[in-house]
Structures are given as structure tokens and as C-alpha cells.
Amino acid sequence: MTAIDLAAAGTGQAAPKEPLRRQRRLSVERIAQWAFLAPAVIYIGLFFGYPIVKNVVMSFQDYTTKTFFTGEAPWVGFANYVSVIKNSLFSTTLINTGLFTVGSIVGQFVIGMALALFFKRRFPLSGVLRSLLLLPWLLPLIASSAVWKWILDQDSGILNQALLFLHVTPAAIPWLSSPNVALISVILVNIWLGIPFNATILYGGLQGIPEEQYEAAALDGATGWKAFRYVTWPNLRPVVSVVLVLGVVYTLKVLDIILGLTGGGPANATQTLATNSYQQSFVVFSFGTGAAISNILIVISLVFTVVYLRLNRRAIDE
Amino acid sequence: MKTIRIVAALAVAALVPIGLAACSPTTKAAPSASHLDLTVEDYFQAPQVDVYNKIYATCAAAEGDTVTATHVPGASLISKVLQQSSSKTLPDVLMLDNPDVQQIASSGALSPLKNYGITGKGVSPGVLSAGTYKGDLYGLAPAVNSLALFYNKDILSAAGITPPKTWAELTTDAKALTTPDHYGFAFSGINTYEGTWQFMPWMWSNGGSEKNINTSQTAGALALLTDLVKAGSASASVDSWAQSDVDNQFIAGKAAMMENGPWQIPSLTAVSSLHWGYVPLPTRTADQTSQAPLGGETFNVTNTGDKAKQAAAGKLVACINNAKNAGAIATANLYIPSNEAAAAAFGKANPDLAGFAKIIADARARTALLGADWPTAATKIYTAEQLSLTGKAAPDAALAQAQSGN
Numbered sequence: 001m002t003a004i005d006l007a008a009a010g011t012g013q014a015a016p017k018e019p020l021r022r023q024r025r026l027s028v029e030r031i032a033q034w035a036f037l038a039p040a041v042i043y044i045g046l047f048f049g050y051p052i053v054k055n056v057v058m059s060f061q062d063y064t065t066k067t068f069f070t071g072e073a074p075w076v077g078f079a080n081y082v083s084v085i086k087n088s089l090f091s092t093t094l095i096n097t098g099l100f101t102v103g104s105i106v107g108q109f110v111i112g113m114a115l116a117l118f119f120k121r122r123f124p125l126s127g128v129l130r131s132l133l134l135l136p137w138l139l140p141l142i143a144s145s146a147v148w149k150w151i152l153d154q155d156s157g158i159l160n161q162a163l164l165f166l167h168v169t170p171a172a173i174p175w176l177s178s179p180n181v182a183l184i185s186v187i188l189v190n191i192w193l194g195i196p197f198n199a200t201i202l203y204g205g206l207q208g209i210p211e212e213q214y215e216a217a218a219l220d221g222a223t224g225w226k227a228f229r230y231v232t233w234p235n236l237r238p239v240v241s242v243v244l245v246l247g248v249v250y251t252l253k254v255l256d257i258i259l260g261l262t263g264g265g266p267a268n269a270t271q272t273l274a275t276n277s278y279q280q281s282f283v284v285f286s287f288g289t290g291a292a293i294s295n296i297l298i299v300i301s302l303v304f305t306v307v308y309l310r311l312n313r314r315a316i317d318e
Numbered sequence: 001m002k003t004i005r006i007v008a009a010l011a012v013a014a015l016v017p018i019g020l021a022a023c024s025p026t027t028k029a030a031p032s033a034s035h036l037d038l039t040v041e042d043y044f045q046a047p048q049v050d051v052y053n054k055i056y057a058t059c060a061a062a063e064g065d066t067v068t069a070t071h072v073p074g075a076s077l078i079s080k081v082l083q084q085s086s087s088k089t090l091p092d093v094l095m096l097d098n099p100d101v102q103q104i105a106s107s108g109a110l111s112p113l114k115n116y117g118i119t120g121k122g123v124s125p126g127v128l129s130a131g132t133y134k135g136d137l138y139g140l141a142p143a144v145n146s147l148a149l150f151y152n153k154d155i156l157s158a159a160g161i162t163p164p165k166t167w168a169e170l171t172t173d174a175k176a177l178t179t180p181d182h183y184g185f186a187f188s189g190i191n192t193y194e195g196t197w198q199f200m201p202w203m204w205s206n207g208g209s210e211k212n213i214n215t216s217q218t219a220g221a222l223a224l225l226t227d228l229v230k231a232g233s234a235s236a237s238v239d240s241w242a243q244s245d246v247d248n249q250f251i252a253g254k255a256a257m258m259e260n261g262p263w264q265i266p267s268l269t270a271v272s273s274l275h276w277g278y279v280p281l282p283t284r285t286a287d288q289t290s291q292a293p294l295g296g297e298t299f300n301v302t303n304t305g306d307k308a309k310q311a312a313a314g315k316l317v318a319c320i321n322n323a324k325n326a327g328a329i330a331t332a333n334l335y336i337p338s339n340e341a342a343a344a345a346f347g348k349a350n351p352d353l354a355g356f357a358k359i360i361a362d363a364r365a366r367t368a369l370l371g372a373d374w375p376t377a378a379t380k381i382y383t384a385e386q387l388s389l390t391g392k393a394a395p396d397a398a399l400a401q402a403q404s405g406n
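Read top to bottom, the protein sequences are chains A and B.
Heads up: the first sequence runs through residues 1 to 318, numbered per the working numbering.
Heads up: the second sequence runs through residues 1 to 406, numbered per the working numbering.
One or more hints might be untrue.
[Stated by the list, open to error] Facing chain B, a subset of chain A residues (Cβ under 8 angstroms, in silico):
#1 Lys66
#2 Phe69
#3 Glu72
#4 Pro74
#5 Ser88
#6 Thr92
#7 Pro124
#8 Gln154
#9 Pro170
#10 Leu176
#11 Ser178
#12 Gly265
#13 Pro266
[As the list claims (entries may be wrong)] Sample of chain A residues lacking proximity to chain B, with all beta carbon distances greater than 10 angstroms (derived):
#14 Glu29
#15 Phe78
#16 Leu89
#17 Arg121
#18 Arg130
#19 Leu159
#20 Ala162
#21 Trp192
#22 Ala216
#23 Val231
#24 Val283
#25 Val284
#26 Asn295
#27 Leu297
#28 Phe304
[What the hints assert, rightly or not] Calculated cross-link-like contacts (lysine-lysine; reagent style DSBU-like; alpha-carbon spacing at most 30 angstroms):
#29 Lys211(B) / Lys54(B)
#30 Lys121(B) / Lys254(B)
#31 Lys149(A) / Lys254(B)
#32 Lys175(B) / Lys149(A)
#33 Lys254(B) / Lys165(B)
#34 Lys253(A) / Lys165(B)
#35 Lys153(B) / Lys165(B)
#36 Lys358(B) / Lys175(B)
#37 Lys165(B) / Lys348(B)
#38 Lys165(B) / Lys230(B)
#39 Lys134(B) / Lys254(B)
#40 Lys165(B) / Lys211(B)
I should point out that these hints are in silico values taken from the structure, not numbers from a laboratory.
The C-beta atom is built at its ideal place from N, Cα and C for all residues, glycine as well.
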């Protein structure tokens with residue numbers, strides 16, 4: 001510092017101009033920085049910020065069909081939340097959402113992991129089979145749920161026909177028409193749908209594990225299950241945490257597959273927070289209550305997102 | 001009542017951000033005193049849509065106007081209307097399914113038809129009550145439909161059974177008609193307004209009311225349907241069947257009788273090997289009157305504030321509802337004209353529909369008692385039906401739970 005000051009003093013006149021120019025250069029730089037930021041800020045504000053703020057505001061209003069014409073939505077405070085939580089359906093939907101998410105994630109992850117490990121070995125046609133695995137992902141959800149609805153039909157569905165033919169069950173299973181079975185059926189279909197996501201990401205993670213580690217482990221006597229436990233699993237941990245947390249957030253908000261299969265029924269047996277929010281907003285047209293439910297859902301998702309960010313940071317730190 | 005398609009509903013859910021008012025790209029032509037371009041919005045699809053397009057065009061041409069019709073998918077109509085309400089881009093003439101009229105009228109989006117000299121004289125009282133909100137007529141349906149008991153003539157005559165007239169007969173007949181190949185009876189008990197619509201005849205005929213469903217009359221109606229499923233005379237899958245599924249079961253010969261409406265008749269006549277007939281839905285005792293719900297689409301004038309266009313829209317609604325056009329609409333949809341005199345003549349000319357002309361005369365509007373509060377009640381009704389059909393609760397307990405728990 002002192003050296004520079006001395007130099008500046010030595011040059012005399014040039015000294016006061018220098019910081020000015022630097023300042024100007026700085027402000028131009030600042031403007032350029034903001035200009036680069038602006039599209040992203042505007043985009044996020046418009047497409048993420050506004051809907052979330054609007055949704056929160058809406059949940060405190062009596063927002064009905066009338067509101068659309070008159071623009072009037074009376075402020076009702078926490079009344080929407082109170083009516084949602086007091087409703088006997090709330091605990092049902094909360095439990096269903098939990099069961100649906102846990103069941104789907106466990107099934108998707110275990111099967112996805114098994115398939116990823118299986119496809120790690122190269123064998124004839126493994127590439128073709130691996131791409132076939134993506135099929136559930138490529139089909140439009142509405143189409144696949146309609147087909148699943150036929151497959152699971154109690155009287156003439158192919159699944160029951162096959163099970164009866166093979167004498168696996170004594171009587172037709174009411175896959176979608178019994179409240180005791182419907183949630184399981186919906187979870188099974190969602191597992192089918194989620195396998196490609198899990199298998200693909202985990203397969204990618206497996207590719208990143210250096211082969212030498214397995215060779216070294218094999219020399220130490222770790223093969224098969226032990227190799228998985230001590231080589232694959234620790235190396236795959238960061239990928240696993242990403243898959244699980246993203247899986248939870250995606251599964252919590254699943255709407256289409258449930259609407260397509262059961263519409264939340266029978267007797268609300270497959271009603272989740274997401275389907276109930278849809279029901280309140282777009283069927284009963286009670287948009288305030290629908291917004292309240294969706295906010296509760298967003299808070300639950302947010303908790304998992306925070307967990308995800310934490311895990312991610314830890315993975316980077318490591 | 002048209003079948004509600006989840007596909008369309010989902011598409012709407014994905015496309016309509018709740019609070020954002022979409023901008024309609026329509027550009028308004030310069031107003032001229034003599035010539036107006038009116039907009040009409042409905043949910044009709046091929047083949048009926050051609051009939052409506054022709055009627056709109058002819059009616060508008062008679063006044064020297066032109067018309068632009070938009071046809072949206074059935075399940076997305078209301079969402080679209082709400083969007084248009086908030087962006088002030090409502091069409092001049094709006095078609096609405098009759099149970100939605102009061103709710104949309106309560107929002108202020110519709111203009112009373114009396115302003116345009118439409119009184120609905122000669123139209124059956126049920127149809128008028130469907131389109132009336134707080135004493136004013138807002139929507140008028142040129143033609144309407146309802147529900148009846150369809151039966152497979154071959155299966156019934158082979159079993160020596162005539163179509164049932166009472167609940168007791170329905171129960172015994174359905175049981176007798178159930179074989180490993182087919183069920184005796186099929187209906188839709190799905191958890192949507194379709195399920196509610198199909199429950200109304202049983203509830204109303206037995207004296208039940210949508211104002212309070214926790215009554216012995218409604219419990220009796222629910223017990224009838226629940227016992228049919230319990231006895232195996234109807235499939236346990238009725239709790240997930242829409243009306244189109246019920247129709248498919250009947251066509252496939254998997255149900256000897258079904259509850260359904262006249263709009264399914266084309267699908268029945270398309271199968272030449274199928275011999276079918278229909279009668280009014282049975283009542284608990286022979287002296288009760290079968291009361292079926294009224295279905296059908298009303299035409300409404302919207303509150304756009306453009307006096308000249310609203311007057312022209314009023315004329316268009318009146319013209320769509322005139323006897324000739326009502327007849328054409330009834331023929332295209334297999335509906336019954338809502339004008340009582342026209343209905344009688346129509347029944348004579350269309351023997352397939354003569355029975356429905358009689359059913360319509362006693363039909364009731366779903367919104368007649370509750371108006372804009374109907375959706376809440378309708379949700380309670382299908383909730384109770386689902387609880388009972390699936391055995392989660394006894395009929396009376398299911399109704400009590402649904403009535404209080406909302």
C-alpha cells in the first residue's frame with residue numbers, strides 16, 4: 001500500500017484521476033453484472049416468486065368462482081387452514097400421502113438399485129434392455145394410467161384373469177375398487193413409473209466408481225455382498241441421497257397417476273394432499289381451501305428440500 | 001350430462017395457473033351498427049357440433065350478424081369461463097351444463113334473460129328451475145336428458161323376467177339375472193358428480209332431499225344400491241365406473257340391466273346383436289313417482305356490458321331455443337325438447353325416445369333447492385355413497401358422516 005501511495009504522490013497530477021476512472025469502470029461493471037442477472041431475477045420473480053406469493057395470499061382469502069368476475073376476495077385470515085385441518089379428511093390425506101411416498105420410494109429405490117447393479121455387467125443386448133427400461137418414462141402419464149386401469153379391473157382386467165388362471169388367488173382381487181387395496185395398487189403403479197428414474201441415476205453413479213477399487217477389494221477378499229457394502233455403497237452415497245430426496249419431493253406432489261387410476265377413491269382411500277388440493281380448487285371451486293392445502297404440501301416438500309441442500313453441501317465439503 | 005373426462009381435467013389443471021388471467025388473443029372488430037360478430041362458447045364435439053354450428057350461423061344470419069363458435073373440452077369449460085371472467089373476455093353467448101348455471105350466475109357473469117324478453121313460456125318447470133337463480137331466469141336449455149333403466153331383452157326374456165318396477169323387484173330380478181357371465185345390474189357409483197347424478201333418482205323417488213342427506217329416506221336409497229353390490233348382483237367395481245364404463249359393460253353383455261341416459265343410445269344401436277329396451281327407474285313402492293335428475297346444456301347471455309352485443313346475444317339464445325332448433329338439437333343428441341308441447345310431438349316422431357319424454361316431465365333440476373351450494377352437497381352425496389358401497393360404513397352411518405364431516 002505504502003509503495004503505491006508513494007508512487008501516486010510522485011506522479012503528481014495523475015493521482016486524483018486514477019480512482020475516478022476506476023470508480024467509473026466499477027459502476028459500468030456493476031450495471032453489466034445486473035444486466036446479466038436481470039433475466040434470471042425477472043424470470044424467477046415472475047414464474048416462481050409471484051405464484052408462490054399469490055398462492056399464500058389466496059390461502060388467506062375466500063377465493064371462489066365469484067372472485068373471478070368481481071375481483072373481490074374477502075380476507076379470512078386462518079379460516080381456510082382451520083377448516084382444512086379440522087376436516088376429518090385431513091388426517092386421512094396426510095397418512096395416505098406418507099404411505100404413498102414411503103411405499104413408492106422404497107419400492108422404486110430397491111428395484112432401481114437392483115436393476116442398476118444388474119446392468120452394470122455387460123452382456124448381449126444389455127444396452128437394448130436398458131433402454132427398454134426407460135419405457136414407463138416415455139409414455140404419457142394419462143395414457144399409462146388408463147391402461148393400468150384396464151389391467152387392474154376387477155372383473156375383466158388381465159391381471160386378475162392371469163392370477164385366477166394360475167390359481168394364485170382364489171377370488172378376483174378388487175385392485176381399484178376396495179379401499180383396503182386401492183392405495184397399494186396406486187403405489188405399485190407409481191413404483192413402476194419411478195423405476196427408470198432411480199435405475200438411470202444410480203446406474204450413472206455406478207459408472208463413476210473406479211474399477212481398481214473393486215480389484216483392490218477383491219484382493220482383500222471383499223467380493224459380492226461385501227464389495228457392495230464396502231466399495232459400492234460408500235462411493236454411491238452422494239448419488240443415493242440425491243435420488244432419495246428428489247424422489248420424495250416428486251412423489252409428494254404426484255397427482256396425475258392417482259387421478260387417472262382412482263380419482264382419490266374409493267371412499268377417499270387414495271386421497272392425498274395433492275389430489276385433495278386439486279379437488280378443492282378445480283372441482284368444488286373453493287380456491288382458498290385448495291391453496292391452503294397446497295401450501296401445507298409445499299412446506300412439507302420444503303423440509304425435504306432443506307435436507308437435500310444440507311446433504312449436498314456435506315457431500316461437497318467431503 | 002356429458003361424461004367428465006379426467007384427461008381434459010388434468011390438461012386444464014396443468015395449463016391454468018390459478019391466479020393468472022390469461023389474455024385472449026381475439027381482436028375486436030370495429031363496431032358497426034348493422035353488423036355484429038358474436039362469439040359463442042360450448043363444449044360440443046363431433047358429430048353434434050355440426051348441428052350446433054349450423055344453428056348458430058342460421059340464427060345470427062337472420063339478424064344480419066355473424067357468429068364465431070369456440071368448442072372447448074367438457075371438463076375444462078368452467079376453468080375457461082373463470083379465466084375469461086377475470087380477463088373480461090367472456091363470449092357473448094355461453095353454453096353451460098345446467099347444474100353450473102346458478103354458480104356462474106351468482107358470480108355476476110350472466111345477464112338475466114328477461115332483459116331480452118325470454119320468459120321460457122311452455123318450457124317444463126324442471127328445466128326452468130335449473131336455469132333460474134334468485135328468481136331470475138339466466139339459462140335456457142333447448143333440449144334435456146335424464147336417466148332410465150336399460151335392459152337386455154335377450155337376457156331378460158331367457159330368464160322369463162319383465163323389467164322391474166319396484167326396488168324389491170329390482171333386487172330379486174338382479175339376483176336372478178346374475179350368472180358367472182354377467183351381473184344383473186350396473187350403475188355408476190364413482191367419486192365424481194357423475195356418481196351423484198346417478199344416485200339422485202333413487203334418493204328423490206324415495207323422498208330424500210339434498211338439503212340434508214342424513215335421513216331415513218336417503219339411507220333407504222343408499223341401502224338398496226349397497227345391498228345390490230353386497231349380494232353380488234352388481235359388480236364391486238361400480239365404485240370406480242363412470243357412466244361410459246357402465247355402458248361398455250352393458251354392450252359387452254356383462255350386465256343384464258343398467259342405469260344410463262339416452263345419449264348412450266347410439267352406442268347401443270351400433271351393436272346389431274344387442275336387443276335392448278328401457279323403462280323408468282324403479283321406485284321403492286309402486287305408488288311412488290320415479291324422479292330422475294335433469295341433464296342438458298343451457299344457453300346464457302353474459303354480462304359483457306356491450307349493450308348492442310348483449311341484445312343480439314339475447315336474440316341468438318331465443319333463436320337457439322325455438323321449437324325448430326330445439327327439435328334439431330334433441331335429434332342430434334338424442335335429447336328431448338324442453339318445450340312441453342314440442343316434447344310430446346317429438347316423442348311421437350321418435351318412438352325410441354317416447355319413454356324419455358315421459359321421464360323428463362317429472363325430472364328435477366339438481367340445483368333447484370340449493371342453487372350455488374350444489375357442488376358441496378353433490379360432494380357429500382358421492383362421498384357417502386362411496387363409504388357405503390365399499391363397506392367402510394353402513395348406509396345411515398355413511399350419510400351421517402358425509403353430512404357432518406363435509
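Given hint Lys149(A) paired with Lys175(B) - CA-CA distance at most 30 angstroms: holds (27 angstroms)
Assertion that Arg130(A) lies farther than 10 angstroms from chain B (Cβ): Fine: 30 angstroms to the nearest Cβ keeps Arg130(A) off the interface.
Nearest-CB test (10 angstroms) between chain B and Val231(A): With a cut-off of 10 angstroms, Val231(A) remains clear of chain B, as the shortest Cβ separation is near 43 angstroms.
Hinted pair Lys134(B) and Lys254(B), Cα distance within 30 angstroms: violated (45 angstroms)
10 angstroms Cβ clearance of Leu159(A) from chain B: The claim holds: Leu159(A) sits with its nearest Cβ about 13 angstroms from chain B, beyond 10 angstroms.
Holds or violated: Lys153(B) to Lys165(B), with C-alpha atoms at most 30 angstroms apart: holds (16 angstroms)
Proposed interface contact between Ser178(A) and chain B, which counts if any beta carbon pair is under 8 angstroms: Check passed: Cβ of Ser178(A) comes within 6 angstroms of chain B, closer than 8 angstroms.
Hint check, Glu72(A) versus chain B [nearest Cβ-Cβ separation less than 8 angstroms]: Status violated, d = 10 angstroms.
Assertion that Val283(A) lies farther than 10 angstroms from chain B (Cβ): Violated, because the least Cβ-Cβ distance between Val283(A) and chain B comes to about 7 angstroms, which does not exceed 10 angstroms.
Hint consistency between Lys165(B) and Lys211(B) [alpha-carbon to alpha-carbon, up to 30 angstroms]: Cα-Cα ~27 angstroms, so holds.
Check on Val284(A) being off the interface with chain B, judged by Cβ distance over 10 angstroms: For Val284(A), whose nearest Cβ neighbour in chain B is about 5 angstroms away, the distance does not exceed 10 angstroms, so it is violated.
Hint validity - Thr92(A) Cβ closer than 8 angstroms to any chain B Cβ: violated (10 angstroms)
In summary, the structure is inconsistent with hints 3, 4, 6, 7, 9, 16, 24, 25, 29, 30, 34, 39 from the numbered list given earlier, while agreeing with the others.
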